[in-house]
Each structure stands twice: as structure tokens, then as C-alpha cells.
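Novice: Sequence:
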Amino acid sequence: MFLDSDDELVYKLLTRDKVEAVLALQAQTMKQENLAIGLGMFEEDGAPEEMNLIFKEIIKDGTTLMAVDKKTNELAAVAFNKLHAISPNTFHQMFSISLKAKPKEGAKDELETFIEENLRHQTCRELIKFLDDVCSLVQSKVDVFERYNVNGAMELFYLGTNPRYQGRGIGRQIVEKCIEFGRGLLNGTIERTSIDGDILEQHVLPEIIYCVVASNYSQRIVDKLGFQVLHEVRYEDYSFAGKKMSERIGDVHRTARLQTRNLVSHIFWHEFYNSPLSHFRIHHLAFFDFVRTAVFDQLLGLCGPVQGEGGAGLTVMEKRLTLVDLRSNTCDLMRRPRPRSTTGRPSSAQISSPVTPGDHVMKPV
Numbered sequence: 001m002f003l004d005s006d007d008e009l010v011y012k013l014l015t016r017d018k019v020e021a022v023l024a025l026q027a028q029t030m031k032q033e034n035l036a037i038g039l040g041m042f043e044e045d046g047a048p049e050e051m052n053l054i055f056k057e058i059i060k061d062g063t064t065l066m067a068v069d070k071k072t073n074e075l076a077a078v079a080f081n082k083l084h085a086i087s088p089n090t091f092h093q094m095f096s097i098s099l100k101a102k103p104k105e106g107a108k109d110e111l112e113t114f115i116e117e118n119l120r121h122q123t124c125r126e127l128i129k130f131l132d133d134v135c136s137l138v139q140s141k142v143d144v145f146e147r148y149n150v151n152g153a154m155e156l157f158y159l160g161t162n163p164r165y166q167g168r169g170i171g172r173q174i175v176e177k178c179i180e181f182g183r184g185l186l187n188g189t190i191e192r193t194s195i196d197g198d199i200l201e202q203h204v205l206p207e208i209i210y211c212v213v214a215s216n217y218s219q220r221i222v223d224k225l226g227f228q229v230l231h232e233v234r235y236e237d238y239s240f241a242g243k244k245m246s247e248r249i250g251d252v253h254r255t256a257r258l259q260t261r262n263l264v265s266h267i268f269w270h271e272f273y274n275s276p277l278s279h280f281r282i283h284h285l286a287f288f289d290f291v292r293t294a295v296f297d298q299l300l301g302l303c304g305p306v307q308g309e310g311g312a313g314l315t316v317m318e319k320r321l322t323l324v325d326l327r328s329n330t331c332d333l334m335r336r337p338r339p340r341s342t343t344g345r346p347s348s349a350q351i352s353s354p355v356t357p358g359d360h361v362m363k364p365v
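Per full-length UniProt numbering, the sequence shown starts with residue 1, numbered consecutively.
Hints were generated in silico from the structure; no laboratory data involved.
Among the hints, a few may not be true.
Within a straight-line C-alpha distance of at most 30 Å, the following computed DSSO-like cross-link-like pairs (lysine-lysine) qualify [stated by the list, open to error]:
id : residue 1 : residue 2
1  : K244      : K70
2  : K243      : K31
3  : K129      : K177
4  : K243      : K177
5  : K31       : K60
6  : K56       : K31
7  : K60       : K18
8  : K71       : K31
9  : K60       : K177
10 : K224      : K12
11 : K224      : K243
12 : K244      : K177
13 : K177      : K224
14 : K71       : K129
15 : K60       : K129
16 : K70       : K177
17 : K60       : K70
18 : K18       : K31
19 : K18       : K177
20 : K244      : K31
21 : K129      : K70
22 : K71       : K177
23 : K129      : K56
24 : K31       : K12
25 : K71       : K243
26 : K56       : K70
27 : K129      : K31
28 : K70       : K31
29 : K12       : K70
30 : K244      : K60
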């Protein structure tokens, strides 16, 4: 299944002929992965090879995306994704690579069992534990289920870019394709398929996408794409085998974050456009797009300036990306009383405080 393509690359679901290539790229890029470095995985013989076993399990989900060079057929990048089913009673467990789907009460799912039975190296187990610790801390600070009210999620588990293709913005592009893919699963326009092309049961409809981002580069990508920071930990605070993670990683990358993004916003517009409204109905898509653009521009004025990297102002399109979460943010803004000056027009001095990146906001690329 093809998601889309540009002049150089085609983005599509993993197929059997590329399985060995994506696993090889994962093994290659893992050497740049901060969690693996910080925990000393490459100091333990056989540990990196053992981690490869987990990725062989993850691709069974039928959600692994890849970017392939049109001219050479070379693999440029890969994104390993996983689906998670959620219920109010099991939501605190969602942010864990241990859950492939909601298991029966008292039972373990296949991936959790696989990890327990197959991971023998200490650094591999410590990496899993680190991810689980980061995620479990979130539940103690934020009631995420109440906040998002979702039944399914997609985890961007790992993203790797071929060193020969790094520095071209492919990391951001493939994350965008992951968002597009998740939305397609949610609205029924895309189906999961096995590596042999067989359609898989659509047992989970992801309403959010989330990831643990361990480097400045990947954090910058997901920030720009509207991911919200739920929790952040410092490598300085974690030690393994007598060394702090920060001692192995260095000073460039200092934190790992758990970040998430809503996938339902486009569904909102689709439902709005197709619903018979009591007082009017929009008949022309072009006119609807004009109205939608006008609403976004108006909201930008209500929210005040949105700052980008280094305090630089964002473009209109980038600002719109920060406001795309309509169900949880935009509707609240539309209900907010609009401050007015003595002249009856909105006063910039009276407008509410700017939207913070944390309110609208992977593995290493």
C-alpha cells in the first residue's frame, strides 16, 4: 500500500522483500540511539542482536512504514509502529511497549510474553524498563484517559534514517506519513496489511499517536508536528552499571520525552462538512476550505503570537499546525469570550496569553 511519494521517495507499508533491509537499518541506526548508548547496550556482547528480535515481532502488526528511493530502490528510512487497544481500566498500561492489544483480564499478550521469554541480556531489559518507567510516571501526573478519551492508540516505537539520506528532512516526512497512516486507520480509508499484502483485522482504531523521543533532533521534529509533551526525564538522573546515562551520551542530548498527538481533528471537519446542519449546509468544498482557513486565521489572532525555535515567529502554515487539535483545543478557544478594547475591536494588549508549545505541540532519526 502506497501512502504518497515525492520526487525522490515513495512511502509505503513494509513488504516481505524489504524485511531484511529494515531490520539491518534498525541495527545500523541503533548505534546512534541515545537510550541504547546510555544504558551501555553496545558494551554487552549479543545485546544489540537480541533487541532485533523485538522488531521482528513488531512488524507483525502491519503498521511499519518505510521510505524507498524511487531510482535505486534503496531503503531511506523506516518507522516501526504498534497499535494499542485501551480501556479506562487498562489505560495506565497503554504507554508501554509490553501491550500489543488489550488482553483478557489476568492474561498477558503475545508481545509481553515474548519479551519475558526471549530477552536475556541485562541492557535489553533495562531499556524496556526505562521506557516503562518514563511512561508510568505520566499516569501519576496526568489523567491521560480523561484528557483524550480514546479507545486506541498508535505508538511510534522506533524511527531510523539511512545515514546516506540523513540531513534531507526525511525524518519529519516519515513522521508526517505515520500521522497520515494513523488517521487513515481511524477513518477507514487505509487498512493494515501483512508483509505479504494480506489485509489484517482492524481491531484497533488509533485516536492518538505517541512516542518516546530520546534526542534533540527527534524532539524538534515532533514539536513542529504538534506533539504535546506529557513527561520529560533527564539522563543525568538515571544510572546503569555504575555510570549515569548522561556520562555515556554526552552533553548534546540531555532528556527523553513522552509526547503525544491527537489524530481525530480531520475527522471533525469531515463530520462537520457531511452533517445536515439545522440552519445551513455547505455545498461546495472550495467554499468550505475558504471558511476553514478563515477560522484558523481568526484563531491565530485570538491566541496571539506563537513562537518557533529561538523565538522566531512561525509561518501561518506552521501556526495552523499548532492549532489542528480541534476537539480538545480549538472548540474551547471558540467558546472563550473575545477581549475587546474601548473601541469595540480586539486589543492586542487584552488578548489572552500566547499558546505554549506544551499545549499544542521517537526514537532518534
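Novice: Regarding the pair K129 and K177, is the alpha-carbon distance no greater than 30 Å?
Specialist: Holds, because 29 Å separates the two Cα atoms, which is no more than 30 Å.
Novice: Between the alpha carbons of K56 and K31, is the straight-line distance 30 Å or under?
Specialist: Holds: K56 and K31 sit about 18 Å apart, inside 30 Å.
Novice: Within 30 Å, alpha carbon to alpha carbon, are K244 and K70?
Specialist: violated, 43 Å
Novice: For the pair supplied as a hint, K12 and K70, confirm whether the alpha-carbon distance does not exceed 30 Å.
Specialist: Holds, at roughly 12 Å.
Novice: For the pair supplied as a hint, K60 and K18, confirm whether the alpha-carbon distance does not exceed 30 Å.
Specialist: holds, 14 Å
Novice: For a C-alpha distance cap of 30 Å, please report whether K177 and K224 respect it.
Specialist: At roughly 14 Å apart (the allowed maximum being 30 Å), K224 and K177 satisfy the hint.
Novice: Is K129 close enough to K56, meaning Cα to Cα at most 30 Å?
Specialist: Satisfied, since the Cα-Cα distance of roughly 20 Å is no more than 30 Å.
Novice: Take a quick look at whether K60 and K177 sit within 30 Å of each other, Cα to Cα.
Specialist: Since the Cα atoms of K60 and K177 sit roughly 19 Å apart, the hinted pair holds (cutoff 30 Å).
Novice: Does the structure keep K243 and K31 at a Cα separation of 30 Å or less?
Specialist: holds, 18 Å
Novice: Holds or violated: are the alpha carbons of K56 and K70 at most 30 Å from each other?
Specialist: holds, 25 Å
Novice: So if I understand the rule, the pair passes when the alpha-carbon distance is 30 Å or less; does K129 with K70 pass?
Specialist: violated, 39 Å
Novice: Under the criterion that the straight-line Cα-Cα distance not exceed 30 Å, is the pair K243, K177 satisfied?
Specialist: Distance ~38 Å between K243 and K177 Cα, so the pair is violated.
The structure fails to meet hints 1, 4, 11, 12, 14, 21, 25 and 30 from the earlier list, while all remaining hints are met.
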